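Using the hints provided, position chain B relative to the given structure of chain A.
As they're listed, the protein sequences go chains A and B.
Under our numbering, read the first sequence as residues 1 to 267, first letter to last.
Under our numbering, read the second sequence as residues 1 to 300, first letter to last.
Derived from the structure by calculation, the hints contain no laboratory data.
Just so we're clear, the structure is a prediction, and the values are computed from it rather than from any experiment.
Just so it is clear, CB atoms sit at the ideal spot from N, CA and C, and this is done for glycine as well.
Some hints here could point you the wrong way.
Unchecked claim - Here are the simulated lysine to any residue pairs, SDA-like style, with alpha carbons at most 25 Å apart:
(1) B:K249 <-> B:G262
(2) B:K115 <-> B:P218
(3) B:K192 <-> A:L257
(4) A:K230 <-> B:M168
Claimed, not checked - Examples of chain B residues toward chain A, derived with CB under 10 Å:
(5) G25
(6) L130
(7) G173
(8) S264
(9) S271
Stated by the list, open to error - Coverage of chain B stretches by chain A, computed from C-beta distances (three or more under 8 Å per stretch; other residues unrestricted):
(10) 4 to 14
(11) 27 to 33
(12) 38 to 48
(13) 90 to 103
(14) 131 to 145
(15) 214 to 222
(16) 272 to 284
Letter by letter, the chains look like this.
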Amino acid sequence: MRRRISAPMWLVAALLYVFMYAPIAVVVVYSFNAAKHGGPWAGFTTEWYARLLDDELKKQAALNTFILAGVSTAVATVIGTMLGYGLSRYWFPGKRLFSWLMYIPVVIPDIVMAVAMLMFFGLVREWIGLFELGMTTMIIAHITFQIPFVAIVVRARLIGLDPSLEEAAHDLGANSWQTFWQVTFPQMVPGILAGAMLAFTLSLDDFVVSFFTTGPGATTLPILIYASVKRGVTPDINALSALIVAASVVGTLGVTLLQRQPHKIGG
Amino acid sequence: MQVRYGERLTPWGEVWRSALTSGPGIAWVTIFLLLPLVAIFVISFLSVGEDKPADLPFTLENYTRFFGFGYFGFDPLYPVIIGRSLVLGAGTAALCVVAALPLAFFIAALPGRYKNLALTLVIIPFWTNLLIRTYAWQILLAPHSLLANAAAAWGLVPAGHALYPSMMAVYLGMVCDYLPFLVLPLYSSVEKLDWSLAEAAADLGANRVQVFRHAILPQITPGLVAGIILVFIPATGQFVIPDLLGGGKVDMVGNLISRQFGVSRDWPFGSAVAIWAMAIVMVGLWLYARQARKSGESIV
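In isolation and in its complexed conformation, chain A is listed as follows (with noise of 0.2 Å):
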């Protein structure tokens, strides 16, 4: 049943989603603004997104975060679908347990998991010499928290499944594995897609366990920016940041689009 929207409510989720996209867009109109301590609108330039590619430190940045957020993705991503197809699929002894146990990287404050992970690095590093705090530690952190994202879309994914097809080709005669990858795994695709784009995006937007499990010379954006604000915005981060906004865009509009995209087989 259609329910009529009022001039009033117009109005207000108007202003919300102006509250909502203001701090995306002042950054981004910033970012090609020609005064150069913030301020007021001073003409239209390009000039701090050049100054971008002449800046070895942020471009060094650029590059970790990265590098960071696509060997993160992919790893989790691997491990996270072989779990969630797992879960899906078979029981085993604490099965119910790991599914509760597995939700707490999705709910439990970053600054919690971040310095959890810190000390553990630092414990074992006393140990046994490995983990020295760098993009290693980094990368292993993020695997972490993306893995069960991973999993529960890829599972949620599984669970929404018609189990006909698989009994079906079961009953033909083709064996476990031919089922997997031939039945299974192409129903699986977009669900695994949609996981890897989550994960890349809470990799990128990630500064907390970032900023606890770095070493010296591992910078990301997302630690730089904070360093930078906290002595007071310049344009060149503005530049950045718009770069950063442009790829979540991106990003959302291809989950969305995925998500969107109708079963062909099944479902």
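Same frame as chain A, now just chain B:
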């Protein structure tokens, strides 16, 4: 012997398959997250060592200190920090509810095509870096910005005065950042709403408030509760937003924890605070699970 998706498996065969598929994921999450959380729990009962960050003997001191009973008698410093964080979390959640309710009903009432667009427009900020959306408020509230000039024109602040750092700026940033967390689950409840109940109530003579209270609110409670939890948990642990928009002078639980693992290097006390933060989350989730069971559905 049992059949799973057309596949005949012995109980051992099934556990073996679990180990091959779920095994790596379970091992990874257990080693790098569950074990560290157990370690935090143990360390929260230890003392600061001479040359080690944590050492025997076992003590409850970290917890008593947390509740304000330190070396020099009762000092409400830490309880005040906890209270402030909880107030910030609850206040953010409450303001988000006020803003999310009209928005969720608005989106649900839109025709199909526009509905998807309106939803996507809520999801985009949801996935945009929180740090960026937060520092942007520094620009929006800077001296001579549109908002600062408007406030000056109304005589609220002297002309040329910035609107941050202030508590109002912190709440603006928090609500702006967390609003999508509440709108999305709330919307999924509103979307499924059975309006005939509301009409029946109105036909039977209920006024608008009564219709909302008795015919609509019970139906959207699951989404509302899920959303409140999704906002309350991260908002309570949040310290970046208060730091950037509140001037970094007021401590939150998040700063307190991070400082113990940084400059103060008091792991046992930091662990005790982290355990408390976890405990608050667990209570919240337990309440949610109970609510979800009662209403017979789950949102997340």
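Notebook entry, point to check: When the hints from earlier in the document are held up against this structure, which numbers fail?
Noted result: Of the numbered hints given earlier, those the structure breaks are 8 and 15, listed in rising order.
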